[in-house]
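K.L.:
Residue-level listing of the chains:
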Amino acid sequence: MLSMDTDTPHPEENSGASVRLDALRKSFGFVRAVNDVSLDIPAGSFVSFLGPSGSGKTTTLNLLAGFITPEAGEILFDGAPISHQPTHKRGIGMVFQSYALFPHMTVFDNVAFPLKMRSEMEKSQMRKRVAETLAMVQLAGYQDRYPRQLSGGQQQRVAMARALVAQPRLLLMDEPLGALDKKLRDQMQIEIKNIHRRVGSTFVYVTHDQNEALTMSDFIVVMRDGAIAQAGTPQELYDFPADEFVADFLGGANLIKGRIVSGDAKRQQIVLDDGQNVVAPTTGMPLQAGTTASLFLRPEGVSLVPLERSKISAEVVEIVYMGSAFRVIASVSQQVISAMVSREDIAGLQIGSKVGFNWEEERSRVFASEAGAP
Amino acid sequence: MNALNDNHPPHASDKVGPRWRIFPKTDIKLFLLLAPITLLIVVFLIIPIVIMFNKAVSGDEILAAYIEVLRSPVYINVFMTTLKIATMTTVLTLILGYPVAFALRFGKPKYRAIVLMLIVLPYWLDFIVRSYSWMILLGRRGIVNEALLWLGLVDRPVKLLYSLGSVVTGMVQIMLPMMILTLFAAMLRIDAKLMDAANIHGANRWKSFTRVFMPLSLPGVYGASLLVFVTALGFYITPALLGGPSETMISQSMLLLASELLDWKTASIAGTLLLFVTTILVLIYNRLFSIDRLWGGE
Numbered sequence: 002m003l004s005m006d007t008d009t010p011h012p013e014e015n016s017g018a019s020v021r022l023d024a025l026r027k028s029f030g031f032v033r034a035v036n037d038v039s040l041d042i043p044a045g046s047f048v049s050f051l052g053p054s055g056s057g058k059t060t061t062l063n064l065l066a067g068f069i070t071p072e073a074g075e076i077l078f079d080g081a082p083i084s085h086q087p088t089h090k091r092g093i094g095m096v097f098q099s100y101a102l103f104p105h106m107t108v109f110d111n112v113a114f115p116l117k118m119r120s121e122m123e124k125s126q127m128r129k130r131v132a133e134t135l136a137m138v139q140l141a142g143y144q145d146r147y148p149r150q151l152s153g154g155q156q157q158r159v160a161m162a163r164a165l166v167a168q169p170r171l172l173l174m175d176e177p178l179g180a181l182d183k184k185l186r187d188q189m190q191i192e193i194k195n196i197h198r199r200v201g202s203t204f205v206y207v208t209h210d211q212n213e214a215l216t217m218s219d220f221i222v223v224m225r226d227g228a229i230a231q232a233g234t235p236q237e238l239y240d241f242p243a244d245e246f247v248a249d250f251l252g253g254a255n256l257i258k259g260r261i262v263s264g265d266a267k268r269q270q271i272v273l274d275d276g277q278n279v280v281a282p283t284t285g286m287p288l289q290a291g292t293t294a295s296l297f298l299r300p301e302g303v304s305l306v307p308l309e310r311s312k313i314s315a316e317v318v319e320i321v322y323m324g325s326a327f328r329v330i331a332s333v334s335q336q337v338i339s340a341m342v343s344r345e346d347i348a349g350l351q352i353g354s355k356v357g358f359n360w361e362e363e364r365s366r367v368f369a370s371e372a373g374a375p
Numbered sequence: 179m180n181a182l183n184d185n186h187p188p189h190a191s192d193k194v195g196p197r198w199r200i201f202p203k204t205d206i207k208l209f210l211l212l213a214p215i216t217l218l219i220v221v222f223l224i225i226p227i228v229i230m231f232n233k234a235v236s237g238d239e240i241l242a243a244y245i246e247v248l249r250s251p252v253y254i255n256v257f258m259t260t261l262k263i264a265t266m267t268t269v270l271t272l273i274l275g276y277p278v279a280f281a282l283r284f285g286k287p288k289y290r291a292i293v294l295m296l297i298v299l300p301y302w303l304d305f306i307v308r309s310y311s312w313m314i315l316l317g318r319r320g321i322v323n324e325a326l327l328w329l330g331l332v333d334r335p336v337k338l339l340y341s342l343g344s345v346v347t348g349m350v351q352i353m354l355p356m357m358i359l360t361l362f363a364a365m366l367r368i369d370a371k372l373m374d375a376a377n378i379h380g381a382n383r384w385k386s387f388t389r390v391f392m393p394l395s396l397p398g399v400y401g402a403s404l405l406v407f408v409t410a411l412g413f414y415i416t417p418a419l420l421g422g423p424s425e426t427m428i429s430q431s432m433l434l435l436a437s438e439l440l441d442w443k444t445a446s447i448a449g450t451l452l453l454f455v456t457t458i459l460v461l462i463y464n465r466l467f468s469i470d471r472l473w474g475g476e
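Chains as they are written, first to last, in this note's numbering: chain A, 2 to 375; chain B, 179 to 476.
Excised from the complex, chain A in its bound form:
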């Protein structure tokens, strides 16, 4: 059982809770918002739920919070089922998208709220704890302000402080940076990561921003249509996505359509519409010959080479300066392939010229094409 009565004066004793979702299900009307989701979240880890709107990530968060109850399945904190425990007894902290700060309370009262509700803490100790927590989010000295007197970024920090002050073993964050401008968002990402390391709680973070998920998470759970599309470390998901959807959702991906020619357990061959042949490693079951499939390549894994050493050739359509690199966009088989290359690589390159593309075969994948997918 999650014992959150937080009188523990030693922050180091506060370790994160492990969370297990076991065949969790929740419907709204006829829509299965969360459909048989099972997942193990290791204690103290930073897990992001990533997905488009309607993918079930927010519903999963609300199930964890207890704002809604699952119609099937169970949620376990440290092995103990909690899905029938009321929200206020779960001992969770949460940062809301809109911050949901209490407008009639000062910053101090907002941050002290969980302590007042959850513990019999003495006034002096409470003041000390609030001050420490505000210092952690770099808002020392703002205690007597009201939320409306603060900027969006400062309100966000107050929301963080309120969620963290009772040293919850699980912290939920629902797109907490969505309302901030990009520069502040980048800064907060690093700060949140830093805070996670310091407090040691388990963080569950919901976002539709793949960059945010990649930057901060120990694990990413990509959701789609109420189910988990893929779960793993950021690197696993980025380098080896399980399907077209994950590949496309996490960062830029080349997905070039073709047909499977042949394949075995190790490699399979795909032919593009213009007749060019490519070989890629088989992951899982080999696809049947004749299946429509997509060749997956990350743009930064693709390099420009002379035509005779290339895996495929394509016609340059556009060269885009990206600051740190150049993006070469080319047309192959009436589709687009893009590569991130350096300044030296594009020397002499002209729009309309034929170039060769090469990549490490091990980093390419072949996915069964989905109806309606790009």
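Keep in mind the hints are simulated off the structure, nothing from the lab. Predicted model only: the values in this text are computed from it and were never measured. Here a beta-carbon is modelled for each residue, glycine too, at the ideal position from N, C-alpha and C. Keep in mind that the hints are not guaranteed to be accurate.
Distance condition first, Cα-Cα at most 30 Å in a straight line; then the derived BS3-like pairs of lysine-lysine [claimed, not checked]:
id, chain 1, residue 1, chain 2, residue 2
1, B, K371, A, K124
2, A, K117, B, K385
3, A, K183, B, K371
4, A, K194, B, K371
5, B, K207, A, K90
6, B, K262, A, K90
7, A, K129, B, K385
Covered stretches of chain A (chain B as the covering partner; in silico rule of three or more C-beta atoms under 8 Å from a C-beta of chain B) [said to hold, decoys possible]:
id, stretch
8, 79-91
9, 100-109
Position chain B against the provided structure of chain A, taking the given hints into account.
P.N.:
Showing chain B alone in chain A's frame:
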């Protein structure tokens, strides 16, 4: 109803006042749209009030007339009765209305429409009809008395009508929709996420309500109460039909003075004093909470 509860239309129209000075072309349309209602208010509200006010501040020995009114136990009594009835009406509509508004705020949307409909329904019945209905219900041989007799709770019919109770009952029924709808509008502006935030940070439902929702609903409570109170001050028909002599309210005295005793001056003085009290209350509220917020402004 009566002139006094129409205090806000002129209040609303003076918002466009400063624009007239600038008079950009686009505002001509706005001006034309506002013209009919402005004309109506000026002719039938502002001018009569000015006339009344004029009567109440001019003429010989006007100060003596005020002193006479303020020293006369009759008028003081009527004033106190009016304040008492308006206060009781306000408190009771608040007690009855707050839970309904709260239920509307957090109820399922499909029930919300039905309940709102039921709340507004009595508006389709005329004031007088509703007051007469209470006479039928509360009369000596009315339904309530018959029921009490049949149940054996009383030996003989109780005097329910022509009492403070019947006047307040009638007025509460009339004012309740205004209280509920104003509270509901104010409550809609409280973010439901705040309750979730309180809840997840350790507050049970009751504490979420007392620590977060209730304090945030207070400006709405004060505003709705003010509206009901100010409206109740000017009630005429309900106390006339459902009340006895000791429930005489100020509007009744004014009518008596003006139409039967033809003492226009004293009637005007009474009206001016009532207007004065009302204006002070509205100004205090506006000072504390800004009255625009009741209607959705910031």
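K.L.:
Each of the hints needs a verdict: does it hold here or not?
P.N.:
Hints, one by one, checked against the model:
{"no.": "1", "hint": "B:K371 x A:K124", "verdict": "28 Å, holds"}
{"no.": "2", "hint": "A:K117 x B:K385", "verdict": "11 Å, holds"}
{"no.": "3", "hint": "A:K183 x B:K371", "verdict": "25 Å, holds"}
{"no.": "4", "hint": "A:K194 x B:K371", "verdict": "25 Å, holds"}
{"no.": "5", "hint": "B:K207 x A:K90", "verdict": "58 Å, violated"}
{"no.": "6", "hint": "B:K262 x A:K90", "verdict": "46 Å, violated"}
{"no.": "7", "hint": "A:K129 x B:K385", "verdict": "24 Å, holds"}
{"no.": "8", "hint": "79-91", "verdict": "holds (count 4)"}
{"no.": "9", "hint": "100-109", "verdict": "holds (count 5)"}
Checked against the numbered hints given earlier, the structure breaks hints 5 and 6 and satisfies all the rest.
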